[in-house]
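Peer 1: Each chain, written out:
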Amino acid sequence: MPRKRIINGAQAIREALDQSLAKDPRVFVVGEGVPDPKGVFGTSIGLREKYGKNRVWDMPVAENGMTGACIGAAISGMRPVLVHQRLDFALLSLDQIINNAAKWFYMFGGQQSVPLVIRMVIGHGWGQGAQHSQNLQALFAHIPGLKVVMPSQPQDAKGLLIAAIADPNPVIYLEHRWIHSAQGNVSKKYFTTEIGKAAITKRGSDVTIVSSSYMALEALRAAQLLAKINVDAEVVDLRTISPLDTPAITRSVKKTGHLLVVDSGWTNGGIAGEIIARVVEKHMDVLKKPPARIALPDMPAPSSPGLTKFYYPNIEMIMRKACNIIGKDPVVVAKVLAEDTSLSATPHDVPNSSYMGPF
Amino acid sequence: MPRKRIINGAQAIREALDQSLAKDPRVFVVGEGVPDPKGVFGTSIGLREKYGKNRVWDMPVAENGMTGACIGAAISGMRPVLVHQRLDFALLSLDQIINNAAKWFYMFGGQQSVPLVIRMVIGHGWGQGAQHSQNLQALFAHIPGLKVVMPSQPQDAKGLLIAAIADPNPVIYLEHRWIHSAQGNVSKKYFTTEIGKAAITKRGSDVTIVSSSYMALEALRAAQLLAKINVDAEVVDLRTISPLDTPAITRSVKKTGHLLVVDSGWTNGGIAGEIIARVVEKHMDVLKKPPARIALPDMPAPSSPGLTKFYYPNIEMIMRKACNIIGKDPVVVAKVLAEDTSLSATPHDVPNSSYMGPF
Amino acid sequence: MLRIRMVEEKIVELYPEQQMRCPVHLSIGQEGVAAGVCEALDTKDTVMSGHRAHAHYLAKGGNLKKMIAEIYGRETGCCLGRGGSMHLIDLDANFKGSTPIVGGTIPVAVGLAWAAHMKKEKQVSVIFLGEGTTEEGVWHESVTFAVLHKLRVLFVCENNLYSVYTPLNERQPDRPRTGIAKAHGLYVDHGDGNKALEVYEKTQNAVTHIRSGKGPAFIEFDTYRWREHCGPNFDNALGYRSEEEFLAWQKKDPVAQLEKQALKSGSLTQKTIVSIRSQIEQEVTDAFTFAKKSPYPKKGALNPKFSYAS
Amino acid sequence: MLRIRMVEEKIVELYPEQQMRCPVHLSIGQEGVAAGVCEALDTKDTVMSGHRAHAHYLAKGGNLKKMIAEIYGRETGCCLGRGGSMHLIDLDANFKGSTPIVGGTIPVAVGLAWAAHMKKEKQVSVIFLGEGTTEEGVWHESVTFAVLHKLRVLFVCENNLYSVYTPLNERQPDRPRTGIAKAHGLYVDHGDGNKALEVYEKTQNAVTHIRSGKGPAFIEFDTYRWREHCGPNFDNALGYRSEEEFLAWQKKDPVAQLEKQALKSGSLTQKTIVSIRSQIEQEVTDAFTFAKKSPYPKKGALNPKFSYAS
Ligand SMILES: Cc1ncc(C[n+]2csc(CCOP(=O)(O)OP(=O)(O)O)c2C)c(N)n1
Ligand SMILES: Cc1ncc(C[n+]2csc(CCOP(=O)(O)OP(=O)(O)O)c2C)c(N)n1
Ligand SMILES: [Mg+2]
Ligand SMILES: [Mg+2]
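Chains as they are written, first to last, in the working numbering: chain X, 1 to 359; chain U, 360 to 718; chain Z, 719 to 1028; chain Y, 1029 to 1338.
Hints listed in this document are in silico derivations from the structure and should not be mistaken for laboratory results. In this text, all values refer to a predicted model and were calculated from it rather than measured experimentally.
Far from chain Y, by Cβ distances over 12 angstroms, these chain U residues were calculated:
(1) Lys-409
(2) Ser-540
(3) Asp-644
Just some of the chain U residues that point at chain X, by a computed CB distance under 10 angstroms:
(4) Leu-450
(5) Leu-498
(6) His-501
(7) Pro-503
(8) Pro-602
(9) Ile-635
(10) Leu-655
(11) Met-658
Cross-link-like lysine to any residue pairs, in silico, SDA-like; alpha carbons within 25 angstroms at most:
(12) Y:Lys-1150 / X:Ser-113
(13) U:Lys-409 / Y:Arg-1269
(14) X:Lys-328 / X:Asn-314
(15) X:Lys-309 / X:Pro-297
(16) U:Lys-641 / X:Ile-326
(17) X:Lys-53 / Z:Glu-963
Every residue, glycine too, gets a C-beta built ideally from N, C-alpha and C.
Sequences and hints are given; from them, build the entire structure.
Peer 2: Next up, the structure:
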């Protein structure tokens, strides 16, 4: 990239849709509110005006039916992008996703693939509560036939969405609400980020922190702060949850000998456990210390800020756990955090200080 | 148990329903075909005749709606048992299961619990195919607020179903089709098997094989055959998938130093990985060799017996893997298997030689 | 009804303080339906609702203080702060819960009636839903089962023309939902949601039908959400609906209409209205004070063990 | 139609050999609907179906050998042996697939028509479903969307009175499904599924309506499954339905009726029927021979990589 072009995640996603619609006449976008003036957190604003009603669709609140309809369109040669304003709403369509989309290509003898992208926004903060903030990447990743991507950086948000649309398979595109406002340098051109490849967002030699989506942003900030106390963490941003980039994880762990996995989903049966299992099955010998994970406590998300403060993993927890693994006393962590005034300026339940609710 | 009373899994389940209906007027059973003459593989035969239409219900093919209705009945003080002839059909109701049943108690401040049991039959063999044989225990176990049980022995099938019905929380009761015909000694009385407690079905000191449901039966047979070649395996039958009985697993692994997890679900993101992660997080030091898992290949289930033969884990695979872990040459495995004529007598895709299809 | 209006106007006033840190879906403009329907119910009749539930909760007699405290995320809230505005419950008032998954509570409400049927109880289970919610298949499934067993369910559909910012013509064919309900075998009616007395009467008729064991009913009321789909502000400027449309509906203000009628009929005087207003004002102020003074849940309240009953 | 009957009778005959190792849901007795409907379609019109799909596949021109091979689990099957009887597909014949999750293919078929709409194609997408399948919410959702955009979809409902062994009165209120469909804004008709010519004519009318762009249609045909829900045998002995009911329906045999009519009208003679029969007999025998001779998929065909297209 020659010149810096800083945009946020939502803009990057919009750009991916815009360029995909422009490039491929088979692409269409559908979802509740996609053509409305707010355009799904800004990610689809203006697209109907630009591409017309036949390319940019609103829909009834009928998630299972509309998913099936998208599958039908996909096997007819179209490239639907179905959008859910919350992942939680997509649970109504798991029948079509798991029973049909994931299996269609295999069970019909490889004759028809389902080039379908389902974008699901993961809510976080501002009292979203139990039914508006589920991180169910582990659920989707467990289903063969689906691919699951979960970007953190705007550049990857764009590249992975374009790649997902171009992919002949069903891809679950999980966008954490808080990556929408994350800023980053994004290429202007149409490009793809390869599905199935992790990125090293910070090199380091002491401990490997594997993460994804919003937690990859947190892990990166934690790693930067850890550097101040001479802990040299390597951050692996998975970007794709399924298929997992096991080689990239392994390479890093072989180098550092220490593994911490940070995930935005529930602990039990989550992605973090799977990653740990993969590493120890084949490379237990390279681990100098037992691997560790940080993920959500196994309980529904509460609404009150008094509770979410303790519910979500944060930078401090990541730093402390990293120190623990490598055998460093974590008392210094508090000191480093206290010095960083930017951290305390924003309430824990909003992505940035300009956010005023309500959604 | 004073005298032996051998019945099969389906009879044990029927007995649990019968005794629960008799004991507690709040209990009712509902499901497509529950009152029909075949009574869900025999598990509900005669119950309507005995308890009447107001206790034993058929229903429309409307899984999500009926699950919601059962939740409504449950918070009204009833004890519904909802039955699906295949787990795959319950995917239509994941919205109600995940968004409502699992969270109701927590999100409404602990005021109303949802004492709901959902029985789901897992298809296996006789060409069931991609949409009639999914083993999605990992999916349910990942959701806090649900309990997930998965018995193998008829005694536990009965005791866990009674316990599930008596439990104030939503319990997913997964019954593998092939445990229906498994025989075992079953107490005649009304009794419960504690949810959350694994059983050691064979003691041993060389290697721990953790398993559940039909694979626990296979693991047990494998362990018995392993004994012939002087491999002393300990078999842990999980019985409950969530909450996992981590202490029991840990105790066994501490004793044997070797861990093999066998699961009937897909490998990626499955229960086996979670168990491995739990063990290494806390007790990597006790493992003499890297832990291993045997589970389904990450692809939809095929229908053809030509393919299912290679799709499903079998006794031989378990034996070989166990030998591998403890560093014993597995060539002897083939010999032991060849000697056991009972194994070759039954085609791989039926639970027993009397089974003639079609479902 | 005036009380509901005043409570929500207070939310509007104080939301910018950033202390109600959860989404709020206000019913301002739609109070006539909640008030009219609940007036026709007995205490033991149950009510459930969805994301836009404040009015239904209050009309059914839900505790005001606990609702406001819940919106403020305090441990004194009706869900101990775990739920926020989108999760309301008051078992004493037989308000059995509201949740924000569209359609999520419809079958649950049918299940309440099913349990009542099994227990030979006769209360009516009322479920409020928006016109958008009838697009969900679960509505169809719930209706089928309720009609099949003649369960005592009243489906109250509030047609406010929009689902979030999407107008009806992007979501539904131009045919009445009451026609579908009727074809399913439901007792059906349709009325003006801005006329609380009409709502009350039509509900009474439906409830009489239901109580007699003849089967469930579906009533649709025309209404209009004045403010944004979610949040305290007006949003006509977004352009998804016209200012004229908004003003035309605002003119039909259900609160003002009832007030006018009451004054005309002499059942209320200007003076009593003033005194009622100030009484409510006081109650509302007290509720907000109570909420703001209440503590957040303690750290110990965040424990996985609370996900399960024992 | 006779061909469909003879194919399925052959399945009945050979199933006990235990070589067709997958569930089979036979349409014997219901062939009139499949044959009559598909006769009214063009080749480019598409068909989808559910668990009971043999007749629909064959009537639409699906390859017989590949179907039988699929049921036998052979690599020459229409899904390479991966699907079995419950997963049929023949893209050459525009039979776009059948799957055994009740209701699972309904929205997919609507999606075919949606894609056609976007591409300005005019073929009709036909979806066969049982009367039980209309209980699923996804039917409601699919219908809503199809009517909203006037998609070219024909919903063909075969009412055989049972869902597995459950009679209608345990599942649905006593009201016609056509009434619901009509209230949704569909073109609606209803006919005797045992009269193939009536089926054909009613389908023609519906298809004319659909092709003209006036919107989707729903036709229900009364019919009866003669054999067990799943498998080759008779099952009246189970007691879920009476022998009398069965016999009354069997008398209306759609194959025999058509044959009689053809003989009477002189369009067929007894002699041509005999010759047609023996031709079909040969074709069927060949298909079974082909299937039985075909190899099972190789071990290498079991590979996770085949779950994804590249
Ligand atoms: C299953 C599901 N899909 C989508 C949403 C997003 N959503 C929240 S409110 C709403 C509007 C529903 O419209 P309507 O039923 O008419 O209620 P109104 O908001 O107009 O009162 C939608 C689509 C949701 N909460 N749940
Ligand atoms: C989602 C789902 N629920 C339940 C079943 C079990 N099931 C298989 S066929 C069938 C009967 C459906 O009845 P109908 O639509 O009338 O078709 P018929 O078998 O009578 O042809 C049922 C309930 C299923 N396959 N999928
Ligand atoms: Mg609305
Ligand atoms: Mg039927």
